[in-house]
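Number of protein chains: 2
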Amino acid sequence: MAASKGRKNAFYAQSGGVTAVINASACGVIETARAHRDVIANVYAGRNGIIGALTEELIDTGKESAAAIRALRTTPAGAFGSCRYKLKSLDKNRREYERLIEVFRAHDIAWFFYNGGGDSADTCFKVSQLSQALGYPLQAIHVPKTVDNDLPITDCCPGFGSVAKYVAVSALEASFDVRSMARTSTKVFVLEVMGRHAGWIAAAGGLIEEHGIPVVILFPEIEFDEAKFIARVDALVKEHGYCTVVVSEGAHRADGTFLAEQGTRDAFGHAQLGGAAPVVASMIKAALGHKFHWAVADYLQRAARHIASKTDVRQAYELGKRAVELALKGRNAVMPTIERTSDVPYRYRIGVADLADVANVEKFMPRDFISADGFSITEKCRRYLRPLIAGEDYPAYRGGLPVYATLKNVPVAPRLAPFALQ
Amino acid sequence: MAASKGRKNAFYAQSGGVTAVINASACGVIETARAHRDVIANVYAGRNGIIGALTEELIDTGKESAAAIRALRTTPAGAFGSCRYKLKSLDKNRREYERLIEVFRAHDIAWFFYNGGGDSADTCFKVSQLSQALGYPLQAIHVPKTVDNDLPITDCCPGFGSVAKYVAVSALEASFDVRSMARTSTKVFVLEVMGRHAGWIAAAGGLIEEHGIPVVILFPEIEFDEAKFIARVDALVKEHGYCTVVVSEGAHRADGTFLAEQGTRDAFGHAQLGGAAPVVASMIKAALGHKFHWAVADYLQRAARHIASKTDVRQAYELGKRAVELALKGRNAVMPTIERTSDVPYRYRIGVADLADVANVEKFMPRDFISADGFSITEKCRRYLRPLIAGEDYPAYRGGLPVYATLKNVPVAPRLAPFALQ
Numbered sequence: 000m001a002a003s004k005g006r007k008n009a010f011y012a013q014s015g016g017v018t019a020v021i022n023a024s025a026c027g028v029i030e031t032a033r034a035h036r037d038v039i040a041n042v043y044a045g046r047n048g049i050i051g052a053l054t055e056e057l058i059d060t061g062k063e064s065a066a067a068i069r070a071l072r073t074t075p076a077g078a079f080g081s082c083r084y085k086l087k088s089l090d091k092n093r094r095e096y097e098r099l100i101e102v103f104r105a106h107d108i109a110w111f112f113y114n115g116g117g118d119s120a121d122t123c124f125k126v127s128q129l130s131q132a133l134g135y136p137l138q139a140i141h142v143p144k145t146v147d148n149d150l151p152i153t154d155c156c157p158g159f160g161s162v163a164k165y166v167a168v169s170a171l172e173a174s175f176d177v178r179s180m181a182r183t184s185t186k187v188f189v190l191e192v193m194g195r196h197a198g199w200i201a202a203a204g205g206l207i208e209e210h211g212i213p214v215v216i217l218f219p220e221i222e223f224d225e226a227k228f229i230a231r232v233d234a235l236v237k238e239h240g241y242c243t244v245v246v247s248e249g250a251h252r253a254d255g256t257f258l259a260e261q262g263t264r265d266a267f268g269h270a271q272l273g274g275a276a277p278v279v280a281s282m283i284k285a286a287l288g289h290k291f292h293w294a295v296a297d298y299l300q301r302a303a304r305h306i307a308s309k310t311d312v313r314q315a316y317e318l319g320k321r322a323v324e325l326a327l328k329g330r331n332a333v334m335p336t337i338e339r340t341s342d343v344p345y346r347y348r349i350g351v352a353d354l355a356d357v358a359n360v361e362k363f364m365p366r367d368f369i370s371a372d373g374f375s376i377t378e379k380c381r382r383y384l385r386p387l388i389a390g391e392d393y394p395a396y397r398g399g400l401p402v403y404a405t406l407k408n409v410p411v412a413p414r415l416a417p418f419a420l421q
Numbered sequence: 000m001a002a003s004k005g006r007k008n009a010f011y012a013q014s015g016g017v018t019a020v021i022n023a024s025a026c027g028v029i030e031t032a033r034a035h036r037d038v039i040a041n042v043y044a045g046r047n048g049i050i051g052a053l054t055e056e057l058i059d060t061g062k063e064s065a066a067a068i069r070a071l072r073t074t075p076a077g078a079f080g081s082c083r084y085k086l087k088s089l090d091k092n093r094r095e096y097e098r099l100i101e102v103f104r105a106h107d108i109a110w111f112f113y114n115g116g117g118d119s120a121d122t123c124f125k126v127s128q129l130s131q132a133l134g135y136p137l138q139a140i141h142v143p144k145t146v147d148n149d150l151p152i153t154d155c156c157p158g159f160g161s162v163a164k165y166v167a168v169s170a171l172e173a174s175f176d177v178r179s180m181a182r183t184s185t186k187v188f189v190l191e192v193m194g195r196h197a198g199w200i201a202a203a204g205g206l207i208e209e210h211g212i213p214v215v216i217l218f219p220e221i222e223f224d225e226a227k228f229i230a231r232v233d234a235l236v237k238e239h240g241y242c243t244v245v246v247s248e249g250a251h252r253a254d255g256t257f258l259a260e261q262g263t264r265d266a267f268g269h270a271q272l273g274g275a276a277p278v279v280a281s282m283i284k285a286a287l288g289h290k291f292h293w294a295v296a297d298y299l300q301r302a303a304r305h306i307a308s309k310t311d312v313r314q315a316y317e318l319g320k321r322a323v324e325l326a327l328k329g330r331n332a333v334m335p336t337i338e339r340t341s342d343v344p345y346r347y348r349i350g351v352a353d354l355a356d357v358a359n360v361e362k363f364m365p366r367d368f369i370s371a372d373g374f375s376i377t378e379k380c381r382r383y384l385r386p387l388i389a390g391e392d393y394p395a396y397r398g399g400l401p402v403y404a405t406l407k408n409v410p411v412a413p414r415l416a417p418f419a420l421q
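Sequences listed follow chains E and X, in order. Under numbering that gives the first Met the number 0, the first residue of the first sequence is numbered 0, with each subsequent residue one higher. Under numbering that gives the first Met the number 0, the first residue of the second sequence is numbered 0, with each subsequent residue one higher.
Calculated directly from the structure, the hints in this document are not laboratory data.
FRET-style restraints, in silico, Cβ to Cβ:
hint, chain 1, residue 1, chain 2, residue 2, range
1, E, R397, X, R366, 28 to 36 Å
2, X, K290, E, N408, 21 to 29 Å
3, X, Y345, E, E225, 46 to 54 Å
4, X, R33, E, G255, 58 to 66 Å
5, X, V343, E, Y393, 18 to 26 Å
6, X, P344, E, R348, 45 to 53 Å
Remember, predicted model here, so these are calculated numbers, not experimental data. We treat Cβ as the ideally placed atom computed from N, Cα and C, and that holds for glycine.
With the sequences and hints as input, model every part of the structure.
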């Protein structure tokens with residue numbers, strides 16, 4: 000519906016790698032906007048993120064039923080499409096910013112909700128400055144999302160709790176498997192997880208130690224020392240008969256090379272693709288002779304809505320909701336955050352951070368979350384992680400498969416000449 | 000407890016690769032035996048499968064509470080340990096068979112329940128013949144289990160339905176992810192699944208086509224043709240903007256070499272490890288230039304009790320129960336089976352097969368379950384698969400993780416001299 004009587008429209012876009020709960024944030028944004036129809040006429044979503052704003056490919060979420068929007072809460076990935084596209088600075092690419100304003104003006108858009116990670120917070124911050132720089136009234140609010148859990152200020156990021164739960168559950172189950180087989184077969188299981196720079200996801204594998212499982216974790220924050228690693232695996236297999244290794248894709252050697260970089264070539268001389276898991280597994284085989292299995296979870300981990308954390312789903316929704324409330328209060332250049340007030344029982348409130356303090360800052364694992372030997376997590380880390388994976392929030396199923404929503408995604412009629420992305 | 004007044008003990012062992020529901024069969028065996036305490040004094044489980052019988056490492060399941068045995072129903076992997084250990088023929092290794100009888104005699108064991116796949120059915124059949132050959136009264140009943148779904152006669156095998164559900168759910172979720180990212184990033188997602196000889200597990204990925212997902216499946220039953228495969232991926236990406244590939248670990252070229260065999264060497268000249276997924280992904284990148292992601296599910300898929308199929312769990316339990324009932328009826332050298340009587344609504348009854356007909360027979364995908372082009376499944380296959388993944392059977396959770404049982408596994412005091420495995 001068109002904005003009228005002073006009502007304006009909102010723009011919402013998903014950015015970067017998607018998660019199991021980013022649509023729950025979309026649900027929070029849209030449902031809250033609908034609850035304030037006296038102010039917010041409609042929410043237009045960017046098709047494929049910010050690109051949709053540049054190319055004027057807007058999706059009219061007003062055409063979706065209340066049930067369809069509600070279903071976003073239990074649907075993984077990005078319902079409107081996401082993108083990896085970072086705006087340059089205003090100085091370097093004024094053309095794109097002017098186009099954004101042109102599109103927002105053509106569609107009466109007064110609020111910009113951007114749902115993403117660190118790079119997106121930077122983009123959102125730049126957009127928040129346009130109001131002054133280009134003389135168009137616009138409020139930009141960032142809705143945090145990242146499985147990497149590496150945004151500053153907020154205690155945690157929506158998307159992380161669910162991937163952490165997936166990793167802990169999967170590592171527990173695979174460890175039960177290898178424990179069963181270890182007498183005559185597999186003795187070491189290696190699971191590769193995401194986290195190019197920060198080891199938060201790998202850390203979640205450490206939660207299964209409390210279930211009696213011997214685990215070795217390889218963090219990006221700790222330089223890989225092959226001799227120490229092999230000695231640790233050897234000791235655990237001698238004591239327990241088996242062990243599980245959780246390796247972050249970002250684990251690297253002292254010289255900065257990733258474990259996944261094998262320096263190998265295929266028959267045609269191409270650099271060999273491959274994850275860190277097979278490298279680590281073959282290292283163990285070469286040094287200790289143990290039979291191994293390895294898995295690379297890749298997208299399965301961040302898309303696994305079927306085993307999402309209830310805490311995570313709730314927070315994803317609440318942060319979307321709060322973003323709209325902040326906009327209605329006239330705020331600009333901010334991001335709602337999780338402020339933890341208690342570990343046990345878990346309590347938190349929704350806070351607010353200035354985007355200037357969020358953009359381009361990465362939060363790594365504190366050293367005191369990692370054990371002295373660098374292969375495990377500490378009780379402090381466990382206290383941090385436990386509430387984030389707590390609770391189950393199952394989707395509905397039909398015929399054995401989850402019922403995930405695919406929206407109609409009705410386009411808003413364009414009003415401007417086409418725009419070429421560079 | 001010791002056998003008395005004519006009561007005898009039963010032996011139960013888990014064999015080969017474990018599954019999400021093999022413990023549900025153990026639960027069915029033990030609970031049913033307990034319901035017939037007037038005949039079956041106790042169930043002794045083999046520690047690490049048949050090896051436990053040879054080394055006289057027996058586990059006294061009578062020491063486990065009713066609640067602990069009930070918890071097996073929702074616990075993945077092998078609660079007593081499994082093994083990969085195939086008995087040779089009686090001619091070639093009479094020593095091992097005589098030892099088995101010696102151990103069974105020492106512990107008053109009259110029933111042998113063996114829970115495994117094709118190789119295990121063969122072992123169970125050999126044991127079933129001992130009664131005559133070695134003059135010791137013993138009934139051997141096989142309880143089917145294999146994620147590969149490749150046992151003959153039975154309509155399906157416990158373990159398969161749950162791995163099929165895991166693969167379908169995971170492929171659906173990852174496909175939603177890649178669909179979100181395809182505009183500027185990943186266009187092809189490759190998921191590698193188990194199935195060295197038969198494509199049943201890969202076929203489950205085809206169930207998501209009904210959800211509008213473009214999927215290409217690579218079956219072990221169909222010789223891999225790179226040009227045809229690339230053309231198919233190209234067509235789907237052009238039509239949908241993305242596609243998902245599900246590749247069986249057993250997919251191979253016309254010359255019999257597996258896709259996973261890359262002929263590559265690492266820096267030290269070692270043959271390169273690696274799954275089929277990275278090979279297929281790099282093939283697509285080389286031919287079409289698409290950005291890709293790949294995952295290898297490995298043990299995660301067969302251990303995933305958290306997303307087990309309700310049908311599968313129920314059948315696993317029922318077949319364990321029926322195995323004991325067959326024993327009580329005096330049967331020997333048999334295996335309870337699933338006899339499907341209707342696809343929609345799904346109906347089945349428990350039948351019985353002679354082990355002589357089961358041992359060493361592999362069941363492949365019928366050609367009419369695979370589409371003419373070899374890359375998809377037919378409606379006939381979908382009708383077969385749908386009921387097997389139907390229903391959810393969630394474990395209980397505590398603190399965000401499933402509550403899986405670890406038994407006390409109290410050893411039975413040995414009565415014989417040690418025995419060295421060869």
